[in-house]
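Engineer: Below are the chains, spelled out letter by letter.
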Amino acid sequence: MNLLETTLATPLAGAVLLALIGHRRAGGWVNVGVSAITFVASLAMALNVFENGPQLSTDRLFYIDAFNVYLVALTAFVGMTTSIFSRPYMRHEVERGRVSDRRMRLYLSMYQGFLFAMLLALSTNNLGILWVAMEAATLATVLLVSLYRTPESIEAAWKYFILCGVGIAQALFGTVLVYFAAGQRLGIGRDDTLLWTVLYGAAGSLDPTVLSLAFVFLLVGYGTKVGLVPLHNWLPDAHSEGPTPMSAVLSGLLLNVALYALVRLKMLVDASLNTPLAGYLMMGFGLLSFMVAGLFLHRQHDIKRMFSYSSIEHMGLMTYAFGLGGPLATFGALLHMTVHSLTKSAIFVTVGHAAQLAGTQRIDRIRGLIRTQPAVGWGLLVGTIAIAGFPPFGVFTSEFLLLTATMKSFPWLAVPLLVGFGVAFAGLFRHLHPMVYGAPPPGQAPVRANMVPVAVHLILVLWLGLSIPKFLADWFSQATVLISGASPL
Amino acid sequence: MTSLAQLSLFEQAIIVFAALALFSSFVMLAQTRVLPLIYAFAWQGVLLALVTALVAYVSGHPHLYISAALTLALKVFLIPWLLHRLAMQLRIHLEAERIVHPSLLLLAGGGLVIFSYYIALPIVQRSGLATRNTIAVSIAIVLIGMLVMIARKKAVAQVVGFMSIENGLFFAAVVSTYGMPLIVELGVAFDVLVAAILFGVFFFHMRESFDTLDVDQLTRLSEAREPEAPHEASGAAPAGPAR
Amino acid sequence: MDNQLIAWLLAAAQTALFVGAAPLLAGWTKRVKCHMQNRAAPAVWQPYRDLAKLFRKELVIAENASWLFRATPYVVFSAMLLAAAAIPLVAVDLPTGAIADVIVLVGFFALARFFTALAGMDIGTAFGGMGASREMTIAALAEPAMLMAVFTLSMTAASTNLSAAMGYVLDTGLVLRPSFLFALLGIAMVAVAETGRIPVDNPATHLELTMIHEAMVLEYSGRHLALIEWAGQIKLMIYAVLVVNIFWPWGIAREFTMEALGLGVAAAAAKLMLAMVILVVWETVLAKMRIFRVPEFLGFAFVLSLLGMLTHVVLETGG
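Chains as they are written, first to last, in the working numbering: chain S, 669 to 1157; chain C, 15 to 257; chain H, 2 to 320.
A portion of the hints provided could be inaccurate.
[Stated by the list, open to error] Partial chain C-side listing against chain S, Cβ under 10 Å, derived:
1) S73
2) Q172
3) V208
4) F216
5) V229
[Stated by the list, open to error] Chain C regions said to be covered by chain S (calculated; three or more residues, Cβ under 8 Å):
6) 131-140
7) 185-195
8) 219-226
[As the list claims (entries may be wrong)] Listing some non-contacts, in silico: residues in chain C with all C-beta distances to chain H over 10 Å:
9) L49
10) Y71
11) V72
12) H75
13) L86
14) A101
In short, the hints are calculated from the structure, not lab data. Keep in mind it's a predicted model, so treat the numbers as computed, not measured. Even for Gly, the Cβ is constructed at its ideal location relative to N, Cα and C.
Could you put together the complete structure from these sequences and hints?
Structural biologist: In structure tokens, the structure reads:
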């Protein structure tokens, strides 16, 4: 368990440290270093869990199994690569005068605080702490969304704060109801009946009516953070107005964590209900988000907003897949979670450079990237091809798996799914083509860009698309067995 | 027919205070002036702390006394004091908001109470606690808090609505399960405190950028936005002086 | 047979006491108010003197007044008299209490109000019409609130009979009921509006733009005016008795012995005097509100009564 403590304590210590020295030039390097230590620790922990099975900390406050340890590793990894990208990017913002040194300190400290909150949410065994950590993740990022202090960014941050706050309040009520149901069965006022291990052990005997009511509240609550339509209003604003590294981690990671919470609770509710109610709810909301977000892609004028809607679309797809249940769909959803995180953060990094290069986020002003700076242009092109689900990339694999799973259990749902893929594809590409290939406006010059994280992410996604490495496949199937109760292989 | 007379006087007092807390939610819904709104919120905190302490006494769960003290410190003194100070500093303490249909709003609140009653029925039927009937009230406080946030346009009113949602949730935990585990409650209290401070920071930012605390003015980001809207700020923006 | 007779006699005596004491209560209220506002106070008997003087005065009736105008004072007074007869003042379980319940009471009020409004319009003066329209506006808003509060009580006591409701409260002893608290506040606010007190109306003013009730009865004189004023005083007392005896019935006589009845009279007097002191404090603290804000005031009263009803359903019926 020492590795877990390292994984959690490093970002927390980093947050404190950066709160003190973040305004110095070295702050960016410290951020990278801390993120790297976190990643190494989490990877070691993941391998440990992979070999020795689930682990429960002695005070029972933390529980690590194949499902969440894989997300911990993914979070730490994307956190690290984004910190690498964020160093020169934010330096550039400071030089342009959009961010002062003091706000730089806030940014760096909160970046680590945010990572800590997410890792805590993923690794905790207590559903109450899970909620507290989710809320803390919101609070840590709310000031980062408004980092530039423009009226738009303040409006976006306010919306984010209020809507997520209200949404996640419903999740707390759902948590109270779960605690209530557990109290009925296991005794009122006990301290350990919010522990997931205890609850899951007793799930079969919990009252199904109370739990289904609880799940509705939890779905609304965590669903707001996942960005499910119609609770998604805050998401495009928050993701598009903040600094780009923030957009990358919000889209790539925070949404995953919220979905993780939802899936954990679905496991609990399914074990108690013996009906697919929770799954159906998730399928309905997921499919709705998938379709609506795909349509919204068509009418965006802001490049970051467009990719935020793409995030909603993919989160909807994952929610749908987890709702569908079954080994194949769950395996596909886990894979999709991974490739979406990697691709989406890579895209946001590229978009950040593109926006710096063009001096605007407006799609109709970003032109001819590939001529001005081929690396950025190719990055955007390949990233978008990957996220749209083109064959050699991992997104295609996972979407294909999901489609197959759908064909098996609900053949008629394959139609809206296919239509949705087509709509989203068209929405992305109608905007992409002129941005990459159009004639660059006079005077457009390349910017200092670090495309290494993008390349690493996209190569990983490509690799996952060509062949899933054995150990990763085993890992996913372990998690799938945990969630769906059967192996996909 | 009613079991009320069979309850002890303390349990009856819990129910009365719960009803008064619900009433304070209605007051928040209709109160247009800033300072009385903050006071109404503080009073709800007082009632909440009282209920918590009474539940602790009746049920014999001493850790609820800590929760009650926490509520008293946070929801009665600290947050109202923060809001009060902000209102004074931003000179909005004398402002009043025009509510378009106050009676309709109050009736909607009544509708929410009925709705929460139906939501709470399955829970109430399964609970053996003396306080079980107040679960519906706690849900109603949550929902009315949301209504406040939807219907009111002043940022202060929205914050009060937000915090009263938190009150309702805390209340729900106290009356349905004798409170959450202490570690969770501490965590939630920490989040609430941070949220309150962030709200304060936001008031200043909003005042700086919009020159008003009317949330109505926040209309720059929407799907219907014209592409011509001045949006350079987040991209090229000729270096606004960093504050 | 003997018991029946005594009961009926008692009922008649209670009604007489009610009607007779109403001006005294009005005098007491005025006196406390004057003290509160540092003015020289008239004697508590002053309302009796005013009434007596009015009865002796000559009637002046407008030329175009119809029979409606002449009949209204008698209708109004009889309605109030019958309402007063139905309300337990010093003793419950009287025969008159058994035949009249809360809904009938509200009906009596409506009847009196209806005729007053008609009479206000009968003459055709501008003030009469204005007063009538305002009165009906307020009534339309006050009645639902009143009924909602009354239903809350009747749901608790499982009866719309006042006597039975008081008996129920006495039987169960001291129980803290949030629904009663809200219903009490709701009824109190309705009472303030219905009896034309501050902040809805000012009983002591003839300022043309603000008056409501006075505007309707502006054309009355002599014994007609005396009857209407007396009826108004009875109405105030009816509301006061309703509030104190339903929510705090202790002291009221349940058997017809001398001691119990004496205690009942004393308790009723004490409670009413106290209630009036509270009313006066309320009137002194508040300023009269603009007429356009009255709907908000009554809307609030309705919400209170509604809350009473809701909390009864939600909190007091064992789930």
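Engineer: Confirm or reject each hint.
Structural biologist: Results of checking the hints against the structure:
Proximity of S73 (chain C) to chain S holds as hinted, the smallest CB-CB distance being about 8 Å (cut-off 10 Å). Restraint check, Q172 (chain C) versus chain S: the minimum CB separation of about 6 Å is within 10 Å; hint holds. Hint status for V208 (chain C) relative to chain S: holds, with the closest Cβ pair at about 5 Å, below 10 Å. Look at F216 (chain C): its Cβ gets to within about 6 Å of chain S, closer than 10 Å, so that hint holds up.
Among the interface hints, the one on V229 (chain C) holds; its C-beta lies about 7 Å from the nearest C-beta in chain S, closer than the 10 Å criterion. Coverage of the segment 131-140 of chain C by chain S holds. Counting CB-CB distances below 8 Å, 4 residues qualify, and the rule asks for three or more. Note: the segment 185-195 of chain C has 8 residues with beta-carbon separation from chain S under 8 Å; the three-residue rule is met and the coverage holds. A stretch counts as covered by a chain when three or more of its residues have a beta carbon under 8 Å from one of that chain; for the segment 219-226 of chain C and chain S the count is 5, and the coverage holds.
At roughly 19 Å, the least C-beta separation between L49 (chain C) and chain H is larger than 10 Å, which holds for a residue marked as non-interface. Its beta-carbon lying about 16 Å from the closest one in chain H, Y71 (chain C) satisfies the requirement of being farther than 10 Å from that chain. The claim that V72 (chain C) lies off the interface holds: its Cβ sits roughly 14 Å from the closest Cβ of chain H, which is beyond the 10 Å cut-off. For H75 (chain C), the shortest C-beta to C-beta distance to chain H comes to about 21 Å, beyond the 10 Å cut-off, and the non-interface label holds.
Residue placement check: L86 (chain C) keeps its beta carbon more than 10 Å from all beta carbons of chain H (closest about 22 Å). The non-interface label for A101 (chain C) is consistent with chain H: the shortest C-beta to C-beta separation is roughly 24 Å, beyond 10 Å.
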